[in-house]
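Participant: Chain residues, written in single-letter form:
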Amino acid sequence: MNRRLYLIGALVLLAFAGFSLASFRDTLTPYVSYQEARDANRMVQVAGALQKGSSAYEMANGSLLFTLRDPKTQDLVRVRYHGLRPANFEDAISIVAIGRYDPRAKEFAANKLLVKCPSKYQGTEVEKTYS
Amino acid sequence: MHLYLPGALALWCALAFALSCLWGYSMVLRGDATGLVFARRAYVFYASSVGLAAVLLVLLLTQRDFRIDYVYHYSGLDLPMHYQFAAFWAGQQGSFMIWLVWGSLLGLLLQRTAGKSEPAVMGVYLLTLLGLVFILVRQSPFAMRLDAPLDGQGLNPLLQDDWMVIHPPIMFIGFALSAIPFSFAMASLWTRRFDGWAARAFPWALGGFLVLGTAILMGGYWAYKTLGWGGYWGWDPVENASFIPFLFGTVLIHGLHLERTRGRYRRANYVLATLMFMSVLYGTFLTRSGVLADFSVHSFVDLGLAGWLVGILGTFLLLAAYLLATRLRQVPTRANEDPVLSRGTFMVLATITLLVATLVILAGTSAPLLTRFMKSPGQVGPSFYNRVNLPIALLVAWLLALVPYLTWRGETWRAIARKLLWPGVLALALTAGAALWQVHNPLHLLFAFLAALALASNLQKTWEKARAGGLAGAGGYLAHVGVGVILLGILASSGYDRSAKVTLVQGVPQQVGDTTLTFVRFIPSRGREKEAMEVEVARRGERFKVYPKMFVNRRTRQLMVNPDIRNFALMDLYVSPLEYDPGQPFLELAQGETGAIGETRVRFVRFDLQAEGNAMVAMAAGRTVTVGAVLEVTQNGKTAGLRPLYRLNPADGRVDTPPLPLPDGGAVRISGINASSGKVRLDLGGVANPAHLALDVTTKPLISMVWGGLYVVLAGGILATINRVRQARQLDSLGKLT
Chain A
1 MNRRLYLIGA LVLLAFAGFS LASFRDTLTP YVSYQEARDA NRMVQVAGAL QKGSSAYEMA
61 NGSLLFTLRD PKTQDLVRVR YHGLRPANFE DAISIVAIGR YDPRAKEFAA NKLLVKCPSK
121 YQGTEVEKTY S
Chain B
1001 MHLYLPGALA LWCALAFALS CLWGYSMVLR GDATGLVFAR RAYVFYASSV GLAAVLLVLL
1061 LTQRDFRIDY VYHYSGLDLP MHYQFAAFWA GQQGSFMIWL VWGSLLGLLL QRTAGKSEPA
1121 VMGVYLLTLL GLVFILVRQS PFAMRLDAPL DGQGLNPLLQ DDWMVIHPPI MFIGFALSAI
1181 PFSFAMASLW TRRFDGWAAR AFPWALGGFL VLGTAILMGG YWAYKTLGWG GYWGWDPVEN
1241 ASFIPFLFGT VLIHGLHLER TRGRYRRANY VLATLMFMSV LYGTFLTRSG VLADFSVHSF
1301 VDLGLAGWLV GILGTFLLLA AYLLATRLRQ VPTRANEDPV LSRGTFMVLA TITLLVATLV
1361 ILAGTSAPLL TRFMKSPGQV GPSFYNRVNL PIALLVAWLL ALVPYLTWRG ETWRAIARKL
1421 LWPGVLALAL TAGAALWQVH NPLHLLFAFL AALALASNLQ KTWEKARAGG LAGAGGYLAH
1481 VGVGVILLGI LASSGYDRSA KVTLVQGVPQ QVGDTTLTFV RFIPSRGREK EAMEVEVARR
1541 GERFKVYPKM FVNRRTRQLM VNPDIRNFAL MDLYVSPLEY DPGQPFLELA QGETGAIGET
1601 RVRFVRFDLQ AEGNAMVAMA AGRTVTVGAV LEVTQNGKTA GLRPLYRLNP ADGRVDTPPL
1661 PLPDGGAVRI SGINASSGKV RLDLGGVANP AHLALDVTTK PLISMVWGGL YVVLAGGILA
1721 TINRVRQARQ LDSLGKLT
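For the protein sequence lines, the chains are A and B, in the order given. So in the numbering used here, spot 58 of the first sequence is number 58, and the numbers just go up one at a time. So in the numbering used here, spot 451 of the second sequence is number 1451, and the numbers just go up one at a time.
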């Protein structure tokens, strides 16, 4: 009796492990270059510097538009974000946008932004960036 | 590096005293009892040195001594006094410092209550504290600048919030507490005294669970109230870094309960205590080493501590792995097993389920590290956690529902079914209610049913226990009632929230669902009060105003946003500003003057003091004063005479200024009267270039159940802690604890 229960338990655990792994792979948003983001038809994240003066808020449809520049390749991508503008958006030295590229609008539609600021949490200007 | 000498000395003294204390305890462990007095004294000296260092840092902050680099970075001349405390733990060094302060204070209590196990437990515990002392000696908060700035950089405005003043220090009490069950476990393995530790460690584990839970509650509330994200939980790595130890702690307290009552889990508890402490260290590493810098909204950047953190984590991992590998097999276990349908088996199932959930969350949080070696590192978002935790929540709710009615001896399904009759009826009624409301997803209905069942069955059991006079022993059931409440709150507030983004034109009402919103005016900053938006809300016959804030922090030039939340019994209305365009918002006119906005020309003819009775008489009598303004408005060739009113209730200072429609669209209202200059200020809504306010308006049903449920869980935890402290004391006084 008990051995059978252990077996069921093990199977349930195994099934759940498989389910978790599949969810992990489905929801993983890899860091990619802008070009890869344009080609990938999935959720990804891109990072870059905010192009000065490129941000505008469209009142009509409530979305924030801005351009990110890849510091290495100088590649540019237009990003549209629906939602609250992060508190320190304009000062950001690096912005990470998570979302997917919309080939028709030729924009990266972000549903989450991470903003890295020179003075956030740590006053030092020697911010490390991992890319 | 240049250091502030008294502070640096205090830290060095702490290091020296901690090492001597360790030496004293090791003497005792080698059989020389004279070491005990020495060790105890050394500990008091050690703790005093830490205290001194902390007091010095507080003094430096309150004196705003900007020569100190830490003070310069986190404080400023204009920072109010109570936030100077928040500045203490705003940065890396200071937050390690507060952690060390709590750890050292708890050590004083631990020393006095550990009984016979004191030397070994304090030995391990001191090692955990030494890790922090090393970090602080390496990254001193007392580093001095070469220059002497006149003002500091100020505190991150997001942290200038009362919840943020107390959330981090409480979190660090929790972190400090998590080292204590670990110390008991390691000491027990080290000395091969396998029996007494569970009873002694139990209250500490419960304390850690309680404090971490409280800190998480506060952090969630802060995020909800201040940040305007619209939620209380974002599955961000930093949030998870505190949630994972909390979950391991939850599993540990259940494991300890099983060991104390049934003699089960005797080996597993060593592993669980280790996991709880290791997860604190691991979370610290994740959030402070910079590895998550691109993945988290709020992780610290690397200050060159990454290597140290890995070293400390590795040291304890090796120590624990060595002791577990060599000694765990010597721990005696109970041979006989519980019947299948018994409380023991179900508790084991529940702990395994929770453990699996914790490991999955741990894996998700570690995604940036795990995927680092792949082509492109990535992370998983909230959808991952929500998806994998749904089946777990269902299973946990089901187990929680059954456990109160299972006995240790075993039960039959029939007996359980009979006992679950009334809770089942109640849960079914609630589920039917949910279905009638708007829950149609079958999985959500099942979720609601099981959560309600867990709530009802545990509530019944708590009630039974309380009536029988055993409330002290009902802590666990009470906590489970809270879990049921939380689960229902999460389902309703996260699964059935309604969010809309609206752009309001000043003065023009706009309908969103069953709510009508009007952007009344922008309120400029006054003193400490920040700029706010006044928005009038009409909803189901109720009228009220909300004041979401949006302002630019003067020092950092950051645009700050604070939502305004209106709490109702069954839901919260959450209004968060997205963007504000001032337009040309108003006209200020003296009598006889004409002003124009776009095509709309307004002539202010005169005040009307007889609009609703004589205004002067009303003022003298203390009644509501009504003043009208006689206007001539010309719009696209159409001219109309308008008489908007301004009502002031002197009793409560409330002002009512109903808008009047303009001849060709838009509305006019009096937004202010300046009696001395005889000017009237008119808001013209909907004309030419009015101000716009974009808002996110969200209704969150039953979100108060999330907070309320957490309070119930904590109340249950407090009861259980009191109970276990009492038991450990009794056993100790009877000499039953080794």
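Treat the hints as calculated values from the structure; they're not laboratory data. Do not rely on the hints blindly, as some may be mistaken.
To be verified - With the C-beta cut set under 7 Å, the calculated list includes, among others, these residues of chain B facing chain A:
#1 R1372
#2 N1389
#3 L1390
#4 A1393
#5 V1403
#6 T1407
#7 A1694
Claimed, not checked - Per the computed footprint, the stretches of chain B lying under chain A, defined by three or more beta-carbons under 8 Å from a beta-carbon of chain A, are:
#8 1074-1085
#9 1379-1386
Built from N, CA and C at the ideal position, the CB exists for glycine as well.
Participant: Taking the closest Cβ pair, is R1372 of chain B under 7 Å from chain A?
Facilitator: Cβ of R1372 of chain B sits 9 Å from chain A, so the hint is violated.
Participant: With a cut-off of 7 Å, does the beta carbon of V1403 of chain B approach a beta carbon of chain A closely enough for the hint to hold?
Facilitator: Check failed: Cβ of V1403 of chain B comes no nearer than 17 Å to chain A, outside 7 Å.
Participant: Count the residues of the segment 1379-1386 of chain B with a beta-carbon closer than 8 Å to any beta-carbon of chain A: does the count reach three?
Facilitator: Result for this restraint: holds, n = 5.
Participant: So, as I understand it, the hint says N1389 of chain B touches chain A; can you test that by seeing if any CB pair is closer than 7 Å?
Facilitator: violated, 10 Å
Participant: Would you check whether L1390 of chain B satisfies its interface hint, that is, whether its CB is within less than 7 Å of any CB in chain A?
Facilitator: violated, 10 Å
Participant: Holds or violated: T1407 of chain B as interface residue toward chain A, Cβ cutoff 7 Å?
Facilitator: violated, 19 Å
Participant: Quick check on the hint: A1393 of chain B CB to chain A CB, less than 7 Å?
Facilitator: violated, 13 Å
Participant: Would you settle whether the hint for A1694 of chain B is holds or violated, based on the nearest Cβ-Cβ distance to chain A being less than 7 Å?
Facilitator: holds, 5 Å
Participant: Would you check chain A against the segment 1074-1085 of chain B, counting CB to CB pairs closer than 8 Å, and say if three or more residues qualify?
Facilitator: n = 1 at 8 Å, threshold three: violated.
Taken one by one, the earlier hints fail for this structure at numbers 1, 2, 3, 4, 5, 6, 8, listed in ascending order.
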